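Participant: Residue strings, one per chain:
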Amino acid sequence: MRKTHLSHVAGLCLIASGAMAETPVLTVYTYDSFTSEWGPGPAVEAAFEETCGCDLQFVAAGDGAALLSRVLLEGASTEADIVLGLDTTLTEKALASGLFAPHGDLAPLDLPVEWIDPTFVPFDWGWFAFVANADVAAPADFEALAASDLKIVIQDPRSSTPGLGLVMWVKAAYGDRAGEIWSALADNIVTVTPGWSEAYGLFLEGEADAVLSYTTSPAYHLIAEGDASKVAWAFAEGHYLQVEVAGKIAGTDQPDLADAFLDFMLTSGFQSVIPTTNWMYPAVTPEGGLPEGYEQMISPVQSLLYSSAEAQAVRDAAVEEWRAALSR
Amino acid sequence: MARGAQPLGRIRAPGLAVAFAIAGFLGASVWAVAAKAAGRPGFLTAADLAALRFTLIQAALSAALSVGLAIPVARALARRRFAGRGALITLLGAPFILPVIVAVLGLIAVFGRSGLLNELLALAHLPKISIYGLAGVVLGHVFLNLPLGIRLILQGWQAIPSERVRLAVELEGSRWRLLEWPMLRSVLPGAFLAVFLICLTSFTVALTLGGGPKATTLELAIYQAVRFDFDLAKAAQLALLQLALGAVFAAVAYRSGAALGMGAGLGRQGFAIAPHGRLSTALDTFWIALAATFLLLPMVMVVANGLGGLNGLPSGIGVAVLRSVLVALAAAALSVALALALALRGGPVAMLVGSLPLATSALVVGTGVFLMLHGLINPTRAALPVTAALNALVGLPFVFRGISSAVEETEANYGRLAASLGLFGWARLRLLILPRLRRPLGFAAGLAAAMSVGDLGVILLFSGGDQETLPLMMYRLMGAYRMEAAAGVALVLVVVSLSLFWLFDRGGRADADA
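If you're matching them up, the sequences are chains A and B in order.
Following this note's numbering, the numbering of the first sequence begins with 68 at its first residue and continues without gaps.
Following this note's numbering, the numbering of the second sequence begins with 887 at its first residue and continues without gaps.
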């Protein structure tokens, strides 16, 4: 009896000293550009580690779609505690995997739409928009664009989240007329690239008058390069939103740290670096507001967004409509 | 490729083991993906069939044009000697080893809507041309693969012993009929196959220059299945379809490759005895100038764009260069070892296995490897070794293609002699084969190393973020709007990868022209 007790105590001591020697590790899976030295990753890591007494480790996996596919491949044995960087066109699939746990109470959000998702927490958002040079006459909406001689570069909805966002935008704005809009746009589309980088690169090379990107893209050129020549076209139909979210893995071995991270995510330590690293709007406006230059960005009159369930439901048909219209 | 009577004493056992290992590895990767699938794959949809059709058409056109254009260019390069010829041959190889996105941007700076060509047309008051569509896809593939075609065919010409050329001249026979046509018949099917298979799995070029969903390839359908639909059954199904197509075409190429027996010489390359006629000189000059303009102008644009970004290079560039070079050296060594074993064995099995990696979807194999590693080790920690290994596999077909005809030549010409001298095994390899393989081995190792430096696909699957290689750094800069700095990194990448290629290639050619 006595012996057992002693060994028990000794065991406890061992565990305690082990825990002291080893700082707990919180593993956050995210997309690649989040962790690069120009992304929010380094600043976020430094700020969280100041208070958490932990080691925050980012693991990057391509883009948002690659990120989800990696988590799904790993399944329940994933080392991730948090997955950060999905958007609402991907979350339904993520939810269906059963890998994610619901979040707790959220700080009040500064989103242009009401947020009711019980699982995923938004960390930033942006409106999709066509970005062009300021000296090009801007069309007022998709129909005006289709009627014009303007040339655009877009991304493929089958390989790129912005590409998919554009298909959702047209579907949300035009419903049954979406196919007709795409047919009318066909002669404006120079080409369709596999990802955002290729499209933006082509646009900067002068291959097109405009590229599908975000209303905040001109902020990069303005703030980082002092170049005011890029603008986003404001469309009368309203603009589709991309809301980027994070979620907690249900099987995490660090549930408290994971919750602490999600709470931290909505504080200024995280949110203040978003506008000039991710070039998106923060989900909670940080103390001190948005950086200078953001006030020059367009503010769409109406925000369009399918719920994640609706997005999943309309996606396949909308993409097929896009493919059929542009394949003719 | 040589069929018919095989001399005794070829080193066959390691090649068989390698063939089984590679086939097993590819099979296991696809199987790992299929095993993870929730259900069975459905039938191919109309969109899949359209993708299949477009994939085959563009691949056939691209391969025919790349190889067709490469013949006169390689012939001219083989026959003429001029200042800077060696450097030109190295530079002409550059497009093949670029990351595809860099090549595409360079191409667009020349052929795009606001590229050089259209600016010239505008000066002449001619209408603009647009390359996007099937023409653009083929143009892109020819730009990327013409260098490979030129090098493979040039090697064929260089392998014709100078004694043979002199003999043909003395006999006043047709060099074309006696030497060149038989050489081409043995080299062309393999070159065509290589380009065809590369284009079969094309993704970025087909999409970016294709102009829209009409130009959808099978690889895009696979990407969509893995990334957006998480339909692994379908991804495995499409990957198997690609593999089957690759196997069929490899078999056809093997059947149509003719045996070559040039006879032995003293190992000198002597094709430079060119005809002096004015017409033939003019034609050769034309072909070299055409290829140089087409291949180098976009490279000049890549360099010009990159110069502006050089002072904005990120701090980690040195480490990234080091990582890329180490991975490339490991990949090249492994690739050469595997390809040499296959080439020594020869025959249909080697040809098939030496071609299959070209026809495999990098995404599916990468995903399969990921699944196999996951649970054993953290795939992210093994990012660089895995990248080197998979790059070795990607490079294998080119290395194999680069050395196999030289091995066949050596065996055909000296095999009987070696057998009668009792030269077998290691001694045969060291004394007979390797000395005769220096030039192709140098070229092949350089190619494998350079291709690995430009690889983005594999590292992107495994990196996890802190194992930054040059292409990954470039990709990240582009993703963060920093196109100018990305162009700077692309320039560094071009320089590193061409230097590696040049060093190996040079090493293989040193004192070979004696």
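Among the hints, a few may not be true.
Straight line, CA to CA, 25 angstroms or less: simulated BS3-like cross-link-like pairs of lysine-lysine [stated by the list, open to error]:
id	chain 1	residue 1	chain 2	residue 2
1	A	K218	B	K1014
2	B	K1100	A	K218
3	B	K922	A	K160
4	B	K1014	B	K1100
What the hints contain is simulated information worked out from the structure, not anything from laboratory work.
Source: prediction; values computed, not measured.
Participant: For each hint, tell me whether it holds in the structure or not.
Facilitator: Going through the hints against the structure:
Pair hint K218/A plus K1014/B holds up; C-alpha atoms about 14 angstroms apart against a cutoff of 25 angstroms. Of the supplied pair hints, the one linking K1100/B and K218/A holds, its CA atoms being roughly 18 angstroms apart against a limit of 25 angstroms. Note on K922/B and K160/A: the hinted pairing holds, with a Cα-Cα distance of about 16 angstroms set against a maximum of 25 angstroms. For the hint linking K1014/B to K1100/B, the alpha-carbon distance of about 22 angstroms falls within 25 angstroms, and the restraint holds.
Comparing the model with each earlier hint shows no violations; every hint is respected.
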